[in-house]
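Enquirer: Letter by letter, the chains look like this.
2 protein chains.
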Amino acid sequence: MEIEKRFSKMSKRMKSSIIRELLRDATNTSIISFGGGAPDPETFDREALAKLSQGVLLDEYQISLQYGATEGDPLLKDELIKILEERHGIKGLKHGNLLITVGSQQALDLMGRVFLDEDSYVMVSHPIYLGAASAFRAYGPKFITIDLEDDGLNIDQVEKALKELDSKGEIQKLKFIYTVPNFHNPAGVTMSLEKRKALVELARKYDVLILEDDPYGELRYEGERLPDIYYLANGENVILLNTMSKVMSPGIRIGMIAGDEKIVAKAALAKQGADLCTPTFTQRLVARYLQEGTIFNRIKSAIEIYRKKKNIMLDALQKYVNVEGAKWTKPEGGLFIWVTLPEKYDTMELFEEAKKVGVAYIPGSAFYVDDRVSSSFRLSFCLPPEDQIEEGIKRIGKLL
Amino acid sequence: MEIEKRFSKMSKRMKSSIIRELLRDATNTSIISFGGGAPDPETFDREALAKLSQGVLLDEYQISLQYGATEGDPLLKDELIKILEERHGIKGLKHGNLLITVGSQQALDLMGRVFLDEDSYVMVSHPIYLGAASAFRAYGPKFITIDLEDDGLNIDQVEKALKELDSKGEIQKLKFIYTVPNFHNPAGVTMSLEKRKALVELARKYDVLILEDDPYGELRYEGERLPDIYYLANGENVILLNTMSKVMSPGIRIGMIAGDEKIVAKAALAKQGADLCTPTFTQRLVARYLQEGTIFNRIKSAIEIYRKKKNIMLDALQKYVNVEGAKWTKPEGGLFIWVTLPEKYDTMELFEEAKKVGVAYIPGSAFYVDDRVSSSFRLSFCLPPEDQIEEGIKRIGKLL
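Residue numbers (this note's numbering), protein chains in the order written: chain A, 1 to 400; chain B, 1 to 400.
Looking at chain A on its own, in the form it has when it is part of the complex (with noise of 0.2 Å):
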């Protein structure tokens, strides 16, 4: 059978990330790998994950290893819930407003799936998430494409393509503004409070909805934290996404989407075709690690871990990039560091180099949706020892 004739134009648009192509063979070798955004194995709570496992599924068997509903564990919703009142200041969210999702991948997944046309619009920062640009890719959409400065999008560009679209009677086939407030993967840069405030007022003025991704808030190294847009909005709209990932454990893969509750409710409907529940058993045993109250002071020996190990990798750029015009962006918080090169440099050329002296990282390119050449490269300093963090940079530095 020509198999290839029969698969769906769907899957015609769905590329393989790069980041996992490229990083296939700078696996299991002696590449210092700065590709992807795993984090440390540290700090994971494995001890008290392996004792709270125990009564999960001694005691509450019948739960975690049944079936479970498709919006997800209404004991896991009270704990989001509660965290997301003391911690971002959101009150009023009820569990309808609340769906649990396979990671924050199956939030992006299910909001291309509800939302997304071929003939939509999604406005999106350039560069990118890979894997929100991925999900969103599936379902054909036209991508808009904000610049990402120092401060977040380029509210001005925001503005001007909502005036276009609304112009040319288009504005409703804008589904929603994707954005990664706070540390943005790649870029590491935060999005001021004015930024926010602003998104927030165009969004309300065009009518259009705001998808508020924000994997990396809690992991904040230096300065003030902000508030998250959600919150600035009363809610309106706006989604938020987040994940347990980067806080506690990827391999658990317990996501969120919190939102209007007929958004929910439509996402949870698909959902159901999609998986019909996320595992019962890694949700509830979420909902009781979380109910150890003990997650925070986690998260602050993480933050510790991850502010030594991003100083070190600022320090080893400062001290062994010596390029004319190279720069790079020093972020407050999150796993990733995006260097810019002299526009001469094509990154994605020099990743074979890089590999050949021993170093990994990924290649701007792959964080844009248009196949341009691009002189800047993402470094994720989570995962690799400290030691490795300055030779790898060493490494990168002299071939430079």
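Quick caveat, the hints were computed from the structure, so don't treat them as lab data.
Be aware that one or more of the hints could be misleading.
No copy labels: a pair is met if it fits in one copy or bridges any two.
Keeping only pairs whose Cα atoms sit at most 16 Å apart, straight-line, the calculated EDC-like set for lysine to aspartate or glutamate is [claimed, not checked]: (1) 94 x 71; (2) 9 x 118; (3) 205 x 2; (4) 9 x 119; (5) 356 x 391; (6) 9 x 117; (7) 91 x 260; (8) 262 x 4; (9) 12 x 118; (10) 5 x 207; (11) 205 x 170; (12) 205 x 159; (13) 5 x 117; (14) 344 x 304; (15) 163 x 149; (16) 300 x 149; (17) 197 x 159.
Using the hints provided, position chain B relative to the given structure of chain A.
Expert: Relative to the frame of chain A, chain B by itself:
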């Protein structure tokens, strides 16, 4: 915001599971429910899982709490390949032939995603497993429905439909023939060896795919095990779906797709955008559990429990349902009995009455992709305690 206007075409095709809606009021009350297909929690091997989860979390946390490959945990694949070889006689499967999914619901969805366009056809049994119908329906294909007989799909109808598509030049638009050969949900019937062979022949002749879904195959209470369609076809033109849901735990959400490596690779690509990976913790836990080699003893005990419950239900039907022309399937395995009343009955109408007398089933119309009235209904005997099975059927009998 008028949110309904913003939703996608795809989301408009989604229908909430009628089972979910019907059973919403039928839980946490005094109603005896024969509704859902949830296994008896006493079949869950909670002690073994609790014990194994310690090692998986404490010693393997760098894998079990970290991101994993989209394709699935290699250790789990090894175990599944072993089972497919030893229990199903399927030889030569490699890791590239297998994708681990979040339950077989995700496997169904991925098959929809990879194959179905709005102008595609899928051939299904009537009645059809609801979860498959809802997974496929989201992608908008046309359903070709084939009557289900006591020994499986009406093969003459299959052949006629294939011939017709072929003569219209549309055979390539038929993306697959979906079938649950063992202990069909909802009908409880099993496809005969002759029909399996005939189906393989037809698939070969017309060069179409068979999507074989086998969640219940290990739960055989009487009669002789029949070979998988996948086995009979030597894997050609067949994709095999399976799951741990009915033989281990549905809450652990581990399913699989086995087949041609090009199809599996495409499904993995689709999964990458859908949820990145199945939880690594539950995957590794299931892998370690399968390595113990005790699962088939455990299934034997489950078979004892379910056989007894099934016989109690069949006896009760015999005793209490005295309706001229009523008949029901006598399944050799699985979880469901399909009762068909004379045509004057509308089991959807009757459902409200049944709830009033404290018993719930699933009306037959839920299992058809058209909007027909049905005089059939599905009974699940797996969850209620033995004494409630007799009492529940007594109530149904009285009602009729």
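Enquirer: Hints the structure violates: just list their numbers, smallest first.
Expert: Violated hints (numbers, rising): 14, 15, 16; every other hint is consistent with the structure.
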